[in-house]
Amino acid sequence: MRKNITFTLNGDRVSLEVASNTMLLELLRDHLSLTGTKEGCGHGECGACTVLVDGRNINSCLYPAFEVEGKEVITIEGLMGPQNELHTLQKSFAENGAVQCGFCTPGMILSAKALLEDNPKPDADAIRQGLAGNLCRCTGYVQILDAVQKAAQDFGIED
Amino acid sequence: MHFNYYRPESLNQAFELMEQSSGQSRYIAGGTDLMVQIKQGLTRAENLISLRQISELQGIEEDDSGVLIKGMTLLRDIETDPLVRDLAPVLQQAVASLANVQVRNVATLGGNLVNASPAGDSIPALLVLDSRLVLAGPEGERTLPLSDFFLGPGQTRLQPLEILKAVKIPAPFENSRAAFSKIGRSAKDLALVNAAVLIRLEETTCSFCRLAAGAVGPTPQRLEQAEALITGRTINTELLETLEARVRQTVSPISDLRAGEAYRRDLAGTLVKRCIRQAIAFKTED
Chain F
526 MRKNITFTLN GDRVSLEVAS NTMLLELLRD HLSLTGTKEG CGHGECGACT
576 VLVDGRNINS CLYPAFEVEG KEVITIEGLM GPQNELHTLQ KSFAENGAVQ
626 CGFCTPGMIL SAKALLEDNP KPDADAIRQG LAGNLCRCTG YVQILDAVQK
676 AAQDFGIED
Chain S
1110 MHFNYYRPES LNQAFELMEQ SSGQSRYIAG GTDLMVQIKQ GLTRAENLIS
1160 LRQISELQGI EEDDSGVLIK GMTLLRDIET DPLVRDLAPV LQQAVASLAN
1210 VQVRNVATLG GNLVNASPAG DSIPALLVLD SRLVLAGPEG ERTLPLSDFF
1260 LGPGQTRLQP LEILKAVKIP APFENSRAAF SKIGRSAKDL ALVNAAVLIR
1310 LEETTCSFCR LAAGAVGPTP QRLEQAEALI TGRTINTELL ETLEARVRQT
1360 VSPISDLRAG EAYRRDLAGT LVKRCIRQAI AFKTED
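Those protein sequence lines, which keep their order, are chains F and S.
With positions in the first sequence counted from 1, the corresponding number in the working numbering is that position plus 525.
With positions in the second sequence counted from 1, the corresponding number in the working numbering is that position plus 1109.
It is worth saying that the hints were derived from the structure and are not from the lab.
Accuracy of the hints is not assured; some may be wrong.
As the list claims (entries may be wrong) - Within a straight-line C-alpha distance of at most 16 Å, the following computed EDC-like cross-link-like pairs (lysine to aspartate or glutamate) qualify: (1) Lys-1382(S) / Glu-1353(S); (2) Lys-1148(S) / Glu-551(F); (3) Lys-1297(S) / Glu-1347(S); (4) Lys-1277(S) / Glu-1165(S); (5) Lys-1148(S) / Glu-564(F); (6) Lys-616(F) / Asp-671(F); (7) Lys-675(F) / Glu-620(F); (8) Lys-675(F) / Glu-642(F); (9) Lys-1148(S) / Glu-570(F); (10) Lys-1277(S) / Asp-1375(S); (11) Lys-1297(S) / Asp-537(F); (12) Lys-1277(S) / Glu-1171(S); (13) Lys-1382(S) / Glu-1347(S); (14) Lys-1297(S) / Glu-642(F); (15) Lys-616(F) / Glu-551(F).
What the hints assert, rightly or not - Listed next, the stretches of chain F that the computed footprint assigns to chain S, with coverage defined by at least 3 CB atoms under 8 Å from CB atoms of chain S: (16) 562-571; (17) 575-584; (18) 652-658.
We treat Cβ as the ideally placed atom computed from N, Cα and C, and that holds for glycine.
Bound conformation, chain F alone:
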């Protein structure tokens, strides 16, 4: 079973035909060449595939592509500004050493964005809760929590 779907991707309208068993992750990486979104576990445990759908962070590995019809999807590629400048969160991750191998980073940043949109001044516990669905096997999380905390101070200024 195949169907044409139309949705907004990083601000642009996209329309294409996909199979009924395609997950959003596969659609983004294999059909649209947006490889910033990663596949970790493939079972909704690790959060490497996190993207925003209508502003909410979700695991794209378990999200059927058919379900994005009419919705707004933001991936890590969609965070940069018009002159390719980094988003506050991206800058903060770089400046605070929150990236080692980088595999979890797109998901971490998108979960952090969803968190800050909801709660612009989260305390340490709220940040932990907000990122609980994103696993990192390198950093020990300390720099990631710092990066989000520091980004929160500037968040909203440019967005």
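Add chain S to chain F, keeping to what the hints say.
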């Protein structure tokens, strides 16, 4: 992993699709469990009928007896809903403990119930709230108590075409307090054991209570013997210790890769006691 995927926009369309589809068909809610099972090859389905587009299954409303939560309401929306905060805070406590934001942004209350996991976190909370379920089928609707819904792991009283339409939660009665507690291997893991308590105190006497626990038997369950033990009695440390022992004896958990049977028994006693302390914290000195 091949399946057709349908997105009906009304209950009637969903019933029709289910009835007419040939081969193995399943309704799918958020899919945070079912899709994993399908990807792992543990469940086969040729047709998935998504319930996400059905507006009759969306929303949280106040009704004459309390609050009505439609089946496809996202756990994340329950967690942040002001009506649920007022009328059923224990459900918010339970839902917020489940997995992580990404999962709660997709998983639904109906899915958590119909999945019928013995460890489903919303279930003990809804049991102590004495919730009822509205089930919709092609012939109409029927209502049944949540306590009658589960038949075993993954098994419920839903008929093949039926869909869980809503959960009805009665308004809390005066002076009642409730709490939920859970232990997993890590904070956001599936519960090794979970428990919930609703209790009404008059001075220090328990005049009414409901106790429930999950992952300690084939279905989440009310702990009626334990309820009888404390009803009408003064809540003090000694009684809570007797209660803890009674809970340990009456539950029937299994050993699996997450935890052993004996450990689950101990946890059940501890968590029920912990919930009572949490619920009445402001009224006892211990």
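Quick rundown of the hints versus the structure:
1. Lys-1382(S) / Glu-1353(S): 6 Å, holds
2. Lys-1148(S) / Glu-551(F): 13 Å, holds
3. Lys-1297(S) / Glu-1347(S): At roughly 32 Å apart (the allowed maximum being 16 Å), Glu-1347(S) and Lys-1297(S) break the hint.
4. Lys-1277(S) / Glu-1165(S): Holds, at about 15 Å.
5. Lys-1148(S) / Glu-564(F): Cα-Cα ~14 Å, so holds.
6. Lys-616(F) / Asp-671(F): 12 Å, holds
7. Lys-675(F) / Glu-620(F): 10 Å, holds
8. Lys-675(F) / Glu-642(F): Holds, at roughly 15 Å.
9. Lys-1148(S) / Glu-570(F): 14 Å, holds
10. Lys-1277(S) / Asp-1375(S): This hinted pair is violated, its Cα atoms lying about 32 Å apart.
11. Lys-1297(S) / Asp-537(F): Between Lys-1297(S) and Asp-537(F) the Cα gap is close to 35 Å, so the pair fails against 16 Å, i.e. violated.
12. Lys-1277(S) / Glu-1171(S): 10 Å, holds
13. Lys-1382(S) / Glu-1347(S): 11 Å, holds
14. Lys-1297(S) / Glu-642(F): 22 Å, violated
15. Lys-616(F) / Glu-551(F): Not OK: Lys-616(F) and Glu-551(F) at ~28 Å, beyond 16 Å, violated.
16. 562-571: holds (count 3)
17. 575-584: holds (count 5)
18. 652-658: holds (count 4)
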